[in-house]
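**Q** Starting from the known structure of chain G, fit chain F onto it as the hints suggest.
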Amino acid sequence: MRPSHEQPDERPTVTKPKEWAAGLPGVAHALEYSLGQTSVPRTATTLLAINQPDGIDCPGCAWADPTPGHRHRNEYCENGAKHINDEATSRRITSDFFRQYSVTDLNRQSDLWLNQQGRLTEPMVKRPDSDHYEPISWPEALGLLAGELKALDSPDEAAFYTSGRVSNEAAFVLQLFARAFGTNNLPDCSNLCHESSGFALSETLGTGKGTVSLEDIHHADLIFLVGQNPGSNHPRQLSALEEAKNNGARIIAVNPLPEAGLLRFKNPQKPRGIAGRGVRIADRFLQIRSGGDLALFQGLNRLLLEAEDARPGTVLDHDFIRSNTSGFEEFSQHARTIAWEDILAATGLTRTEIEQAGDDVLRSERVIVCWAMGVTQHRHAVPTVREIVNFLLLRGNLGKPGAGACPVRGHSNVQGDRTMGIWERMPDNFLDSLQEEFGFEPPRAHGVDAVNAIRGMRDGHIKVFVGVAGNFVRAAPDSDATEDAIRRCSLTAHISTKLNRSHTVCGRTALILPALGRTERDIQATGEQFVTVEDSMSEVHTSQGRLEPASRTLLSEVAILCRLARLTLDGKANIPWDQFEGDYGLIRDRISRVIAGFQHFNRRVVRPGGIRLPNPVNEGVFPTPAGKALFTRNAWQMPEVPEGHLVLQTLRSHDQWNTIPYTDNDRYRGIHGGRRVVLVNPADLARLALEEGQLVDLVGVWGDGVERRAEGFRTVPYPTAVGCAAAYYPETNVLLPLDSVAETSNQPTAKGIVVRLEPAAGE
Amino acid sequence: MNTVEETIDVAVPVHTAYNQWTQFESFPRFMALVKDVEQLRPNLLRWVVGRGPLRHEFDVEIVEQVPDSHVAWRSLDRRFMHQGKVLFRAAAPERTTVVARLDVSPAGMGLLAHLPGLAPRVVHAELVHFKEFIESVGQEGGSWRGTIRNGHVYPVGPEPARSRVPRWPVG
Chain G
1 MRPSHEQPDE RPTVTKPKEW AAGLPGVAHA LEYSLGQTSV PRTATTLLAI NQPDGIDCPG
61 CAWADPTPGH RHRNEYCENG AKHINDEATS RRITSDFFRQ YSVTDLNRQS DLWLNQQGRL
121 TEPMVKRPDS DHYEPISWPE ALGLLAGELK ALDSPDEAAF YTSGRVSNEA AFVLQLFARA
181 FGTNNLPDCS NLCHESSGFA LSETLGTGKG TVSLEDIHHA DLIFLVGQNP GSNHPRQLSA
241 LEEAKNNGAR IIAVNPLPEA GLLRFKNPQK PRGIAGRGVR IADRFLQIRS GGDLALFQGL
301 NRLLLEAEDA RPGTVLDHDF IRSNTSGFEE FSQHARTIAW EDILAATGLT RTEIEQAGDD
361 VLRSERVIVC WAMGVTQHRH AVPTVREIVN FLLLRGNLGK PGAGACPVRG HSNVQGDRTM
421 GIWERMPDNF LDSLQEEFGF EPPRAHGVDA VNAIRGMRDG HIKVFVGVAG NFVRAAPDSD
481 ATEDAIRRCS LTAHISTKLN RSHTVCGRTA LILPALGRTE RDIQATGEQF VTVEDSMSEV
541 HTSQGRLEPA SRTLLSEVAI LCRLARLTLD GKANIPWDQF EGDYGLIRDR ISRVIAGFQH
601 FNRRVVRPGG IRLPNPVNEG VFPTPAGKAL FTRNAWQMPE VPEGHLVLQT LRSHDQWNTI
661 PYTDNDRYRG IHGGRRVVLV NPADLARLAL EEGQLVDLVG VWGDGVERRA EGFRTVPYPT
721 AVGCAAAYYP ETNVLLPLDS VAETSNQPTA KGIVVRLEPA AGE
Chain F
1 MNTVEETIDV AVPVHTAYNQ WTQFESFPRF MALVKDVEQL RPNLLRWVVG RGPLRHEFDV
61 EIVEQVPDSH VAWRSLDRRF MHQGKVLFRA AAPERTTVVA RLDVSPAGMG LLAHLPGLAP
121 RVVHAELVHF KEFIESVGQE GGSWRGTIRN GHVYPVGPEP ARSRVPRWPV G
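Chains as they are written, first to last, in the numbering used here: chain G, 1 to 763; chain F, 1 to 171.
Some hints could be false.
DEER-style ranges, computed between Cβ atoms [claimed, not checked]:
#	chain 1	residue 1	chain 2	residue 2	range
1	G	719	F	106	26 to 34 Å
2	F	106	G	276	23 to 31 Å
3	G	143	F	142	49 to 57 Å
4	F	29	G	36	51 to 59 Å
5	F	93	G	436	30 to 38 Å
Selected chain F positions facing chain G (Cβ under 10 Å, derived; list incomplete) [to be verified]:
#	residue
6	25
7	40
8	42
9	46
10	54
11	78
12	153
13	159
14	163
15	168
16	170
Calculated directly from the structure, the hints in this document are not laboratory data. Think of the CB as a built atom: it goes at the ideal place given N, C-alpha and C, for glycine as much as any other residue.
This is chain G alone, in the form it adopts within the complex (with noise of 0.2 Å):
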């Protein structure tokens, strides 16, 4: 019998897909989500203190938070208040709940009630013989994973996976113990999100971040929103796109689906919010095909060269180009080659959609460019955001104010944690940084990131993993690989605040290292902690919990991994973890001493709004080898769809966050009571000869072999692009071959899954 979140849902609700965001029922939506969590002290608790200069950093998203002294008394989104308390919760799972189920049980639990159980509240081991978590000491669980790592034939036998909730201190402890152990087999959930964006970055603008600031966003005269849905993923971008609205910039949305976040906003912070229509988001809004942005900034770019013909001096900055960058000629010789056919082909727009597009630029002086994973999850997510920085280099969009490159991340440190070293590769001078620094050698060899150490696992080359935070085993692709690779470890130990896949599809051995979560006080040996994060744009600030911890037998994820590390390597390299156990402030001494950028880090991070940390290329710097910024050529590809296939994009819902749905609903798209259901376009349903809310699997289509299936969807007609899909993951990342990956960037594309669509046995 297949699992029942894998079951149909009973036929979902289906209503009119929302045309605006947030407003009184965001609010209300949150206040009734966190109080069916917790208790009205609890949450008012939380809530006053998120995002606030001395409270909790929101783990929600990466969007940065105003200058303090501009900052909201409630300075939260709707998902923010859901995730925060969501972990705030006041269920508690105990040892007779893992009694009463057994692994196999709770396997077959969906993602939704594995989450509402609540909060994990001691160690518990899964034995080899065993289908039952059982209690466990911390001593005999940290020793346990400690001596099956110190038994491997070598440590790269062992990963240490990253999700981006981990703050600053627990991802420099990390990868300071994964390297003194011998490894650099780091994976992250940047893997999984933003790689494509920090090598085409890295590659053309030498540094891995992007260049913009909240105040950027708000003087901007243009704005780009490409393959991103602020409305759920980030809903305070909205308050930043509706000041930039306010201050005269226009917005143009770029995404196959007409998102609600990105068209209207109601700031529930403002009477026109709660009472009026709100502020418009997108003045225009391009329905692109899915894997075609690649396509539409090179019409753009081909659009401003011609213009630039026609009237010469005008169009370009010629002087940045001069000064800044190299390859333009090369570059500008390409993009005229590129045939308008097939930019229409690849976008599904107009001409002159693209061309009233290229008119608001050149229009606007200052442009920003945002995107996230509609862009990045593309087999040419790397050369797509080469484009856009052709795009923003050729009118000097880059280094000066109101302008500049946007990723926006998902995690809320998942910026920090890779700043902090957390990648399977870093670069030589930061491992002589740390070799001075703690007088070890590091190896040099790179390690896996999240796809390979898959492969890693499915082959037998790698034995343990090591999860921190997260939820890899429903965040990676391709699931039945990832599952089956999985349970060939001989162990999985996950640090842990919640129950979630990743606990009930384990290796022979498993672990479950319950932690303190980011609201609760965290009191070491020298008194109460702190911890630090970076946002989306390069601000590094504090969070400090205030409630009670779960369970009095919670560690901090600080000092589980300082007592791994301990037990590990005995006393290989002279690092004192008893002492960073302690006093975080002694590991952010470390930081300062290895990070370029850190310098005093203890005393600038405490004061209000913390740290922002510099963007070269607004120094005027673009360190790339050769000192300049570079202008790419990118062939034009688009994704390759056989007839009678779709290309499926996998989302969350607006009740989710990451791989966890709050609930079965998805209000602005107009979906209730269920989650397995694929929104096609009504034309595409018309030609694929299928009905409306007719059951169907859907069939991935890659080349080797493999059948991927998920089975029993329910259709949606749904606004969304011609030709593309959507479904939400996670329970579509079973169709995600691992090898369907992004170029150079190792990223899954799972924006840009080849599927058809095949009416359900017994329909």
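**A** Same frame as chain G, but now just chain F:
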């Protein structure tokens, strides 16, 4: 736009006067109206002027800056719309003529735009404050010798200290 232009002679060399002027965050030390300046980037400043109900906070973009010659800026805030330029001319080896020019939108700058004669008096008074300060201390408290053209920063040297930050790809 209403244009205000005020001039003052300062008894220091031109590079001293200019260098001091690049130290924007020091302005509250000697300017009466300026309460705080934060230099977010070489070409982006956040100013706080006035106090109480007349307090204004606004961002300013430096669009042109040439050492020992001039600094030109524009406000990025519609509520405080203006643009300005300060020019430095060597009047003698130890004397500098400083010219401050402010173009104020009728819709911007609050009282400065609406009370006739106020803007010239304020600008002149702040120039006097600058003169008194730099002449009394005798030398600049720091310098930034980079150039800004059309809003873009051209630093001195290939790698200014602020650009030394982690650069590896972020996923």
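**Q** So, for every hint listed, does it hold in this structure?
**A** Now for the hints, and whether the structure bears them out:
1. Between residue 719 of chain G and residue 106 of chain F the Cβ separation comes to about 46 Å, which falls outside the hinted range of 26 to 34 Å.
2. For the hinted restraint 23 to 31 Å between residue 106 of chain F and residue 276 of chain G, the CB-CB distance of approximately 29 Å keeps it satisfied.
3. Judged by the Cβ atoms, the range 49 to 57 Å given for residue 143 of chain G and residue 142 of chain F holds: they are separated by roughly 56 Å.
4. Our hint of 51 to 59 Å for residue 29 of chain F and residue 36 of chain G holds, since their Cβ atoms are close to 55 Å apart.
5. At about 48 Å, the CB distance of residue 93 of chain F to residue 436 of chain G disagrees with the hint of 30 to 38 Å.
6. A least Cβ separation of about 14 Å between residue 25 of chain F and chain G goes past the 10 Å threshold, and the interface hint is therefore violated.
7. Hint on residue 40 of chain F holds. Least Cβ distance to chain G is approximately 7 Å, under the 10 Å limit.
8. Below 10 Å, beta-carbon pairs count as interface contacts, and residue 42 of chain F has one with chain G at about 6 Å; its hint therefore holds.
9. For residue 46 of chain F, the suggested interface contact is upheld, since its CB lies about 8 Å from the closest CB of chain G, less than 10 Å.
10. For residue 54 of chain F, the interface hint is violated, the least distance from its beta-carbon to any beta-carbon of chain G being 17 Å, above 10 Å.
11. At a threshold of 10 Å, the smallest CB-CB gap from residue 78 of chain F to chain G is about 6 Å, leaving the interface hint in force.
12. Because the beta carbon of residue 153 of chain F sits about 3 Å from the nearest beta carbon in chain G, less than 10 Å, this interface hint is met.
13. Below 10 Å, beta-carbon pairs count as interface contacts, and residue 159 of chain F has one with chain G at about 6 Å; its hint therefore holds.
14. Evaluation of the residue 163 of chain F hint against chain G yields a held restraint, the C-beta minimum of about 4 Å falling below 10 Å.
15. Given hint, residue 168 of chain F at the interface with chain G, holds; its Cβ is 6 Å from that chain's nearest Cβ, closer than 10 Å.
16. Restraint check, residue 170 of chain F versus chain G: the minimum CB separation of about 4 Å is within 10 Å; hint holds.
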